[in-house]
Amino acid sequence: MMLRVANALMLNEWLERIRDRWVLVISGLFALLACGVTLYGSGLSSQSTLLIGPSLVTLAALFVPLVALTLGHDAIVGERERNTLGLLLSLPIGPGGLVFAKFTGRFMVLACALVVGLGGTVFFSMGRGWSIVPRLLLDTLMMGAGFLSVGMLLSVIAKRQITAASLAITVWFLFVFFYDLGLLGLMVVTDGAVSSEVIAYLVLLNPAGLFRVRMMTYFGGSGLMEGLGLTEIPVPLLTWVVWGLWILLPIIASGLLLFRGRAE
Amino acid sequence: METIELDHLTVDYRAVRALDDVGFPIEKGGITMLAGPNGAGKSTVIRVLLGLVRPARGRLVVDGKPAGVTNAWKERLGYLPEAVAFAENLSGRQVLAFFARARGVPKQRIEVVLDRIGLSEAATRKVRGYSRGMRQRLGLGIAILADPEFLILDEPTGGLDQEGLTVLWDILREWREKDRFVLLSSHDLTLMEQRVSRICLLKQGQLCALGTPEELRFMTRLPIRVKFQLDAASEEAPIFVDDVHNWGQVICLDHRDNHLSVEIEPDDLLSLMDIRNRNAAAVKRIRVEEPGLDLVYDSLLKKAG
Numbered sequence: 001m002m003l004r005v006a007n008a009l010m011l012n013e014w015l016e017r018i019r020d021r022w023v024l025v026i027s028g029l030f031a032l033l034a035c036g037v038t039l040y041g042s043g044l045s046s047q048s049t050l051l052i053g054p055s056l057v058t059l060a061a062l063f064v065p066l067v068a069l070t071l072g073h074d075a076i077v078g079e080r081e082r083n084t085l086g087l088l089l090s091l092p093i094g095p096g097g098l099v100f101a102k103f104t105g106r107f108m109v110l111a112c113a114l115v116v117g118l119g120g121t122v123f124f125s126m127g128r129g130w131s132i133v134p135r136l137l138l139d140t141l142m143m144g145a146g147f148l149s150v151g152m153l154l155s156v157i158a159k160r161q162i163t164a165a166s167l168a169i170t171v172w173f174l175f176v177f178f179y180d181l182g183l184l185g186l187m188v189v190t191d192g193a194v195s196s197e198v199i200a201y202l203v204l205l206n207p208a209g210l211f212r213v214r215m216m217t218y219f220g221g222s223g224l225m226e227g228l229g230l231t232e233i234p235v236p237l238l239t240w241v242v243w244g245l246w247i248l249l250p251i252i253a254s255g256l257l258l259f260r261g262r263a264e
Numbered sequence: 001m002e003t004i005e006l007d008h009l010t011v012d013y014r015a016v017r018a019l020d021d022v023g024f025p026i027e028k029g030g031i032t033m034l035a036g037p038n039g040a041g042k043s044t045v046i047r048v049l050l051g052l053v054r055p056a057r058g059r060l061v062v063d064g065k066p067a068g069v070t071n072a073w074k075e076r077l078g079y080l081p082e083a084v085a086f087a088e089n090l091s092g093r094q095v096l097a098f099f100a101r102a103r104g105v106p107k108q109r110i111e112v113v114l115d116r117i118g119l120s121e122a123a124t125r126k127v128r129g130y131s132r133g134m135r136q137r138l139g140l141g142i143a144i145l146a147d148p149e150f151l152i153l154d155e156p157t158g159g160l161d162q163e164g165l166t167v168l169w170d171i172l173r174e175w176r177e178k179d180r181f182v183l184l185s186s187h188d189l190t191l192m193e194q195r196v197s198r199i200c201l202l203k204q205g206q207l208c209a210l211g212t213p214e215e216l217r218f219m220t221r222l223p224i225r226v227k228f229q230l231d232a233a234s235e236e237a238p239i240f241v242d243d244v245h246n247w248g249q250v251i252c253l254d255h256r257d258n259h260l261s262v263e264i265e266p267d268d269l270l271s272l273m274d275i276r277n278r279n280a281a282a283v284k285r286i287r288v289e290e291p292g293l294d295l296v297y298d299s300l301l302k303k304a305g
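One line per chain: the protein sequences are A and B, in this order.
Each residue of the first sequence is one higher than the last, beginning at 1 in full-length UniProt numbering.
Each residue of the second sequence is one higher than the last, beginning at 1 in full-length UniProt numbering.
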């Protein structure tokens, strides 16, 4: 019974989101830039993968959090504003199931946008970019899922859709731009008193930072990170755990907040 | 389901008590209406039934046994929220199709419901092009889609034109005829007066009055108005007017041309008819007007303090 409702919700989310202008515009822009970067990179050097890969990582680290937060920010508050949240919760599904189904439906849209965007790069790199795409896609999806989950939480906390949108933009700026600046500031202010190990862990607490570190390590090897002074990169398992927590904790918190009667 | 009852419900929203020991049965084969000013607790009662809030005390009782808001319970419900809007980039049919999938309703039922709510022709149009009344009708369609045993309608008349109201009245009549449960909340007492079988009047989270419209009217003891059309040719007409004038029980009297209108206590109606019978030739027509439900509502709320 609950599975039936969850399936219907996921399909509905898919149908709604693929008609959402903002999602289409941002996803289209991402695909366009990714293909542009690939086309430009593949024409420059025979070792184009080394040029295209980091460029795509930078692009994804910038755009994907925005796409994911945009996708997630109105999931619950949008229903609340349309007076349909109660209607959805009158279906045989609980708040947790509702949040999870909405997350899954929106994640499918995100995955589709990323497959189209990054898949296009394979075509434009004349097949040479094929080797990096699966790994890039996997990590991009993980990062996107983390930000989507945060977007869902914002949509539960915010009482109005415009507030949720403002919060989503703030979170995007915070994690994509200011977080690293903050860490740099911390290093300067403490004059090296904070060890590079602590800084490395702090970098990895940010899903966008985690994504960049994993991909830079993938493309440039651990030596690249040593060059940045981040010698103590935690084991890959830990990075997966951090990502898992970024995806699960906001979703669980969203479900709990709805369950506690903040549905309307 | 044979009986549904709300048993001594108390709901708190942090420091605010939204419902205070409210209990009443929801009539099978009838239409129970929640009435009361804004903030009276009408929506909270509905939220309890949908499982959106948990009562601090009290419970839902189904067929004489305490019942929780489970998925099995939700399968029996159809719900129309107040002033509902839908995803604007989907068509009416797509919105219904989603709820049909979620409720496990066959696809064929969608066309039946679209026809029933008068949206067959607009089914492929995006909801953003719908008027408020059309959205309300779509909401009604969703509520009845799974042919539920218990229909919960929050302000169902909102935005409905005459055509939409006819759809609503048909649905309400059908649910009565099928001997099912309907609970609705409305501010539109005048429209609802002839349709509801039981009214539950709430004020500041407390139950002020409960009963049929007639029972509530009786509780208020509001005056009734009796209108006589006099026969100008009859010699008894002036005598009748004088008799009524001198009767002493009239609260308010208005005599213009051949029309006499008097306001009296409900209990004095038989005495007034006696006077009329003594001057039978004086009166061509009689019309008795009971106080409207809006007046009854005001009176009961004032009495509640």
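Hints were generated in silico from the structure; no laboratory data involved.
Since this is a predicted model, take the numbers as computed values, not measurements.
Even for Gly, the Cβ is constructed at its ideal location relative to N, Cα and C.
Mixed in with the good hints there might be a few duds.
Straight-line Cα separation of at most 20 Å, EDC-like style, residue types lysine to aspartate or glutamate; simulated pairs [claimed, not checked]: (1) B:K65 / B:E149; (2) B:K28 / B:D63; (3) B:K284 / B:D254; (4) B:K28 / B:E5; (5) B:K126 / A:E81; (6) B:K28 / B:E193; (7) A:K159 / B:D267; (8) B:K203 / B:D298; (9) B:K126 / A:E197.
Residues from chain B that face chain A, not an exhaustive set, calculated with beta carbons under 7 Å [unchecked claim]: (10) L50; (11) L52; (12) A56; (13) N71; (14) W169; (15) F218; (16) R221.
Structure-based check of each hint:
With a C-alpha separation of about 18 Å, the suggested pair K65 of chain B and E149 of chain B falls inside the 20 Å cut-off, and the hint holds. Of the supplied pair hints, the one linking K28 of chain B and D63 of chain B holds, its CA atoms being roughly 11 Å apart against a limit of 20 Å. Proximity of K284 of chain B to D254 of chain B is assessed by CA-CA distance (about 17 Å); at most 20 Å being required, the pair is judged to hold. Simply put, K28 of chain B and E5 of chain B have alpha-carbon atoms about 11 Å apart, close enough for the 20 Å limit, and the pair holds.
For the hint pairing K126 of chain B with E81 of chain A, the CA-to-CA distance comes to about 19 Å; that is within 20 Å, so the pair holds. With a CA separation close to 18 Å, the supplied pair K28 of chain B and E193 of chain B stays within the 20 Å bound. Taking the CA atoms of K159 of chain A and D267 of chain B, the gap is near 54 Å; set against the 20 Å cutoff, the hint is violated. Using a Cα cut-off of 20 Å, the hinted pair K203 of chain B and D298 of chain B holds, with the two alpha carbons roughly 11 Å apart.
With a CA separation close to 55 Å, the supplied pair K126 of chain B and E197 of chain A exceeds the 20 Å bound. A distance limit of 7 Å between C-beta atoms decides the matter here; for L50 of chain B the minimum to chain A is near 5 Å, and the interface restraint holds. With its C-beta approaching chain A no nearer than about 5 Å, L52 of chain B sits inside the 7 Å limit, and its interface hint holds. Restraint check, A56 of chain B versus chain A: the minimum CB separation of about 11 Å is more than 7 Å; hint violated.
The interface hint given for N71 of chain B is met, as the beta carbon of that residue sits about 4 Å from the closest beta carbon of chain A, less than 7 Å. Look at W169 of chain B: its Cβ only gets to about 22 Å from chain A, farther than 7 Å, so that hint breaks. Checking F218 of chain B against chain A by beta carbon gives a least distance of about 35 Å; that is not within 7 Å, so the hint is violated. Taking 7 Å as the C-beta cut-off, the interface hint given for R221 of chain B is violated, the closest approach to chain A being about 39 Å.
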